[in-house]
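Protein chains: 4
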Amino acid sequence: MEAKKPLRIGMIGYGFMGRTHSNAYSQVNHFFDLEYKPVLKAVCARNAEKVQAFADQWGYESIETDWRKVIARDDIDAIDICTPNNLHKEIAIAAAQAGKMILCEKPLAMNTAEGEEMCEAVEKAGVANTVWYNYRRVPAVTMAKQLIERGLLGKIFHYRAQFLQDWTINADVPQGGAATWRLDAEAAGSGVTGDLLAHCIDTAIWLNGKLDSVSAMTETFVKERTHALTGLKQAVSIDDAATVMGRFSNGSLALFESTRYARGHKALYTFEINGENASIAWDLHDLHRLKFYDYRDEGPLRGWKSIHVSDGDHPYMKSWWVPGLQIGYEHTFIHQVADFLKDLETGTPTGPTFRDSLETQKVCDAILASAKDGTWKHI
Amino acid sequence: MEAKKPLRIGMIGYGFMGRTHSNAYSQVNHFFDLEYKPVLKAVCARNAEKVQAFADQWGYESIETDWRKVIARDDIDAIDICTPNNLHKEIAIAAAQAGKMILCEKPLAMNTAEGEEMCEAVEKAGVANTVWYNYRRVPAVTMAKQLIERGLLGKIFHYRAQFLQDWTINADVPQGGAATWRLDAEAAGSGVTGDLLAHCIDTAIWLNGKLDSVSAMTETFVKERTHALTGLKQAVSIDDAATVMGRFSNGSLALFESTRYARGHKALYTFEINGENASIAWDLHDLHRLKFYDYRDEGPLRGWKSIHVSDGDHPYMKSWWVPGLQIGYEHTFIHQVADFLKDLETGTPTGPTFRDSLETQKVCDAILASAKDGTWKHI
Amino acid sequence: MEAKKPLRIGMIGYGFMGRTHSNAYSQVNHFFDLEYKPVLKAVCARNAEKVQAFADQWGYESIETDWRKVIARDDIDAIDICTPNNLHKEIAIAAAQAGKMILCEKPLAMNTAEGEEMCEAVEKAGVANTVWYNYRRVPAVTMAKQLIERGLLGKIFHYRAQFLQDWTINADVPQGGAATWRLDAEAAGSGVTGDLLAHCIDTAIWLNGKLDSVSAMTETFVKERTHALTGLKQAVSIDDAATVMGRFSNGSLALFESTRYARGHKALYTFEINGENASIAWDLHDLHRLKFYDYRDEGPLRGWKSIHVSDGDHPYMKSWWVPGLQIGYEHTFIHQVADFLKDLETGTPTGPTFRDSLETQKVCDAILASAKDGTWKHI
Amino acid sequence: MEAKKPLRIGMIGYGFMGRTHSNAYSQVNHFFDLEYKPVLKAVCARNAEKVQAFADQWGYESIETDWRKVIARDDIDAIDICTPNNLHKEIAIAAAQAGKMILCEKPLAMNTAEGEEMCEAVEKAGVANTVWYNYRRVPAVTMAKQLIERGLLGKIFHYRAQFLQDWTINADVPQGGAATWRLDAEAAGSGVTGDLLAHCIDTAIWLNGKLDSVSAMTETFVKERTHALTGLKQAVSIDDAATVMGRFSNGSLALFESTRYARGHKALYTFEINGENASIAWDLHDLHRLKFYDYRDEGPLRGWKSIHVSDGDHPYMKSWWVPGLQIGYEHTFIHQVADFLKDLETGTPTGPTFRDSLETQKVCDAILASAKDGTWKHI
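Those sequence lines, one after another, are chains L, P, Z and S. Per the numbering used here, the very first residue in the first sequence carries number 1; after that it's consecutive. Per the numbering used here, the very first residue in the second sequence carries number 380; after that it's consecutive. Per the numbering used here, the very first residue in the third sequence carries number 759; after that it's consecutive. Per the numbering used here, the very first residue in the fourth sequence carries number 1138; after that it's consecutive.
Since the hints were made in silico from the structure, they are not lab data. Keep in mind the model is a prediction, meaning the values are calculated, not measured. Heads up, some of the hints might be wrong.
Unchecked claim - Beta-carbon label-pair distances, calculated as ranges:
1) V931/Z - A178/L: 52 to 60 angstroms
2) K1142/S - Q146/L: 41 to 49 angstroms
3) E149/L - H985/Z: 32 to 40 angstroms
4) Q146/L - H985/Z: 40 to 48 angstroms
5) S1007/Z - P385/P: 44 to 52 angstroms
Heads up, the beta-carbon is just placed ideally off N, CA and C, and yes, glycines get one too.
Okay, chain L solo, but in the shape it has when bound:
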C-alpha cells in the first residue's frame, strides 16, 4: 500500500471541541479512502499537565503551552483553533501569516470587523481555511442540500429554524471560566446568537442563499450570575434567547429562534423549508431522519415521508455500516476532515471557508443590533 501524505496538525485549545476534532483526525482514515492522513503533532494549552493528559489520551506527539510556538513550528501544516472566540482572530492571523492552513471553530470571530481581518489574512496568505460548522455534514442535512440543488422544492416560500436548549434555566449555573465561558460575552462575543443561532444561519445561507434583512428580539432571563473564577455576582452580558424574522434574497421569509430556556430540549436544532413543490424538515435529536413532502406525489398518497438517511446511496453513509445502522454527532466532524483532506488533493476550498462564515457573522451582528434598537437591519 502506498504511504499516505501526512497532514501535520497543531491544535490550540483542547476542550469539548478539542475532543471532537481529535476524534475526527483519528478516525477519518479508518472509514474514508484518502491520499492524506492527519498526524497529531502538537496540542497546546496554558496548563501543561492538563494538556499532556489530553495529548496522551489522543496520541498527540507533543504539547505546547504557548500558541505562538505551535504556529512557529516547521513540522506543522495546519492549525486547528478550538479556543474561546475572543482568541480566534489573533491566532488565525498569525497562523495565516506563517503560511499554515487553518481549521477554525465557529463562530468565525467576535464580530464582523474581526472576521473581515481574518478573511483578508487567509486570502492574502493563500492558505486553505475552513470553519467547523459541523452540522452541514450530518448526512440528512447534506441530503437536503442535494434535494434543493436538484430543484425538487421549486420556489421557496419559508425557511424556519430553531436551536433550543434548556441548560441555563437554573440561575445557579455560573458564567465565565473554562466550562462556562459561553455565558460570558467577553469570551464568547454573544450568547445564543453566536453559539446556537450561528449554526442555524450557516445552514440557512448554505441551503437557501443570502439573507437580506433581519429584525430581532433578544432577552436575558437571568440577569445576574456568579462568575466561575471570581465567585462574584455579576450582570449577565449575553443574550439568553434570540428571535429573528428576516427576508432572503430569493424572496422567501426567514424565521429563526434560539434559546437556552426551552425546558425539555437538550440540543434541538431543527429546520424546515417550504417550497412550491416540496418541503423538507430535519431535527438534530433524530439526526438520521429527513422529513420530505412532495406535492408531485399522487394526491391521496401525499404525506410527510420520514427518510432514514442511512443507506449507501445517502451522503457519507457508504463509508459507514449498513442500511438502518446509525452514526452520531461526532461523525459530522469526521466528514468535515474527510472533505478537507479530499479537497487538499485537488486544491478546492472546503466550505464553509472563512469568507463563507463571515456572511454568518454579518447576520449575527445585524441580529444583535436590531435587538438593541428594534428596527430592521439590512445585511
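The hints should help you fit chains P, Z and S onto chain L, whose structure is shown.
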C-alpha cells in the same frame, strides 16, 4: 326537496353500542346525500325506566321491554342487535323469519355453529344483513383496502395486527353484569378473542383474503374475579390475552395478538402489511394517519410516509370538513349506515355480511381450539 | 323526564361554519346533560333555494332571506353569526339591540374600532355573547389550560405558535365570492392574520395572558388573482403569510407564524409553551395528543410524554366514548355550545366573550400595522 | 501518566464485524478511563493481500493467513472470532486450549451441541469469554435493564420483539460466498433465526429471564437462489422469516418475529415489555429513544414518554458528548470492549458469556425444531 325514504329502526339493547348506532342513525343524513333516512322507531331493553331515558336522549319514538315485540311490529323495517353476544343468534333468527333487515353487533355469534344458523336464516329470508365491524370504515383503513386492490403492494409476505388494551390489569375489576359482561364467557363467548382479535381478523380477511391455518396461545392472567351481580369470587372463564400465528391462502404469514394487559395502551388496534413493492401500517390511536412505504420511490427518497387521511379525495372525507380537520371513532358507524343505506338503493349487500363474518367466527374458534391443545388448526 | 328549556336559534349565514354550528346544536344534548336544548328555529341567507336545502338537511324550522327579519322575530332567543367578517358588526349590534344572545364566528370584527362598538352594544344590552374560537375546546388544549392554572409550568419563558396551510400556493385559486371570500380583504378584513393567526392569538392570551407588544412581517406571495365573481384579475389585498415576535406581560417571549404557503401542511395549528418546570406542546393534526415534559421527573426518566387525551378524566371526554377512542374537529363546537348552555343555567359568561376577543383583535391590528412600517407596536 | 496494561488482540476474520471490532479497540481508550488498552497485534484471513490492506487501514501490527498460527502466538492475549458461524467452534476450542481469552461473534455456534462443547472448553480453560451480542449495550437498552432491575415494571405480562429487514426480497440476491454467507445454512447454521432473532432472544433473556417453551413458524419465500461462487441455482436452505410464540419462566408471554421480507424496514429491531406498573419500548432505528409509560403517574398525565437517552446520567453517555448529541451503532461494540477491559481489572465475567449465549442457542434450536413439526418445544 324530495322526501327521503324512511328506514324504520328497532334497536335491541342500548349500552355503549346503542349509543354509537343511535348516533350513526341521527347523523348520517346531515353529511351524506342518500335516498333513505333512518327513523328511530323503537328501542328495547328489560328496564323500562332506563330504556325510556335512552329513548328520550336519542329521540326514539317508543320503547319496548320484550325484544320479540320489536320484531313483531309492522312499523319496523330493520332490527339493530346490540345485546351481549349470547342473544345474537336467537334475535337474529327471529328477525330474519319476520322479514326484517338486520344490523348485528360483532362478533356475529358465540361460535361457528350459531353463526352458521344465523347465516342460513338471513339467506333463506333474503333480508339485508350486516355486522358492525366498524373499523373497516375508518377512512385510512378503507384507503388501505383501495391501495391493496390497486395492486400497489404486490405479493404480500406479512400481515401482522394487534389490539392492545390495559383496562383489566387491576384484579378488582369485576366480571359479569351490565358493564363487564365482556369478562364473562357465558355472555361473551370468549375474552379478547371475540372482543378484540375478531376486529383484527375481520380486517385481515377483508384486506388480505382467507386465513388457512392458525396456531395460538391464550392466557388468563387474573384467575379469579368477583361477579358484578352476585359479589361472589369466581374463576375467570375468558382469555385475557391471545397470540396467533397463521398462514393466509395467498402465501403470506399472519401474526395477531390481543390482550387487555398491555400497560399503556388504551385501544391500540394496529396492523401492518408488508408487500413486495410497498408496505402499509395503521393504528387506531392516530386513526387519520396511514403509513405507507413505496419501494418504487427513487432510492434515496424512500421512506415511510405519514398520510393524514383527511382530504376530499380520501375515502368518506368529502362528506366531512376540510383537509387536516379530523373525525373520530363514532364516524365509522356513520359510514357503515351510509353504506348500508346506499346499498339499499341498489340492493347490494353491505360488507361484512353475516356470511363474511362467519369466516371471522371460524378463525376465532380455531384460535381458541389451538390454544387449548397446542396444535395447528386448519380453517 | 323533565322537559328541556329551549334555546331558540336563528342562524345567519350557512357556509362551512353554518354546518359546524348546526351540528353542534343537533348533537349537544345527545352527549351532555343540560337543562337547555337548542331549537333550530331559522336559518337565513340571501339565496332562498340554497338556504332551504340547508334548512332541510339540518332540520331548521324556517328560513329567512333578510337577516333583519331573523333578529326581529319573537320566537328566537339567540343569533348565530356565520357571515363573512364584514357583516359581523352590523348584525351583532342589531341583535344586541333586539336583546338577543349572540354567538359570533371569529374573528370578532374587521378591526378594533368595529369590535369596540360590538362590545359596547352587547354589554349595554346585557346579552350573553361568545365568539367561536373553537380550538380552546379541543380536550388537549383545555387540558393545557388546566395544567397551566395548576402552576405546573412555573415561570413561562417562551410561547410559540403557528398555523400553517398550503391551499393557496396555486396562483389559479380565485379570490372573493362565496367560497374564497377569505382571500378578499374587503370581506375578510385581512388574510392569514384574521383567519389563522387570530386562533393562535386567542389561545395564547387564554393560556399565557396579555400580549404587550409585537413586531411583525407579512408577505403576499401571489400578487394577482382572478376574482371568483367578476373573472377579472385583481391585485391581492390580503396577507398570505405573517410572522410575529412579541412580548407577554408575564415576561415571556412570543413567536407566531401563519401562512397558506407551507407546502405539506393542511391545517397545522401548533403551540408550544416552555416554562421553568415543564413544557407543553400540541398540534391540530394529532389533536388528541398533548405533549408534556416535566422537569420534576427523576433525571434519567425525563422526556416528552405523548398523552392521548381520551380518558374519562380528561376535559370533555367523559361525555364521549371510552379511553383511546377519538373525537374530531366538529366536537370543539359541540363543547362550546355545551358550555354556553351550561353557563346559561348560572348566568356565567362563556369565554371568549366579545370583550375577550377584542383583545385578540387589537393584537391582529397591531400585527398588520407593524408589518406596514416595520416598527414595534404596543397593544 | 501511568502506562496502560496491554490487551494484545488477534482477530480472525475481517469482514463487516472485523471493522466494528477493530473500531472498538481503536476508540475505547479515547473515551473510557481504563487500566487496559487493546493492542492490535494480528489479523488473520486466508487472502494475504486483502487482510494486509485491512491491517494497514486499522493499524494491525501483523497479519496471518492460518488462524492456528494466531492462536499459537505468544504475543497475543485474546482471540476475536469474526468468521462465519461454522468456524466458531473449532477456533474457540483451540483458543481456549491455548489459554487465550475469547471474544466471539454471535451467534455462539451452529447449534446447541457445538455451543455446549465451546462452553466446556472455555470453562475448563478458565479463560475470559464473551459473545458480541452488541445491542445489550445501546444506552437505551442498558437503561431498560436498569429500570427492570429497579422493579419499576412490576409483574411482567408481555414481552414482544421483532427484527425486520427487507434486503433479500429481490430474488436476484445470491447466496453463499463472502458477502452473502448469511443466506447459506452451511455457513450460517440458519437464516433469520440465528442472524436476527438471536439478538431478540439474547436481549429478552437478559431483560426478562428464562424462556420455558416456544412454538414457531418459519418460511422460505424465495425457494432458489444463485450461489455467489458457483453461479449455480440452488435450493435456499435458510429460513427467510420466523415467528415465535412462547412462555417465560416468570409467567409472561413471548412473541418474536424476524424476517428479511418486511418491505420498508432496514434493520428494525424493536422490543416492548408490558408490566403491571410500567411498560418500555425501544427500536434500533431511533436507538437513543426509550419509550416509557408509568402507570404511577397522575391519571390524566399518563402517557408514553420518549426519553432521549443522551444525558450524563444515562448508561455510557457520560463518556461521550453533551445531552442531545447522539452516538451510533458502532458505539455498542466500544461499550462491550470497555466493559470487557473493566471486567479484566476485577476478574468479572462480561456478559453475555459463552454460557449465557448457549441459552439463546437452545431457544434458536427449539424454534427451528418447532417450525419443522408444528409442536411446542420445551427448552
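So, going through the hints one by one against the coordinates:
no., hint, verdict
1, V931/Z - A178/L: 52 to 60 angstroms, "58 angstroms, holds"
2, K1142/S - Q146/L: 41 to 49 angstroms, "47 angstroms, holds"
3, E149/L - H985/Z: 32 to 40 angstroms, "39 angstroms, holds"
4, Q146/L - H985/Z: 40 to 48 angstroms, "41 angstroms, holds"
5, S1007/Z - P385/P: 44 to 52 angstroms, "59 angstroms, violated"
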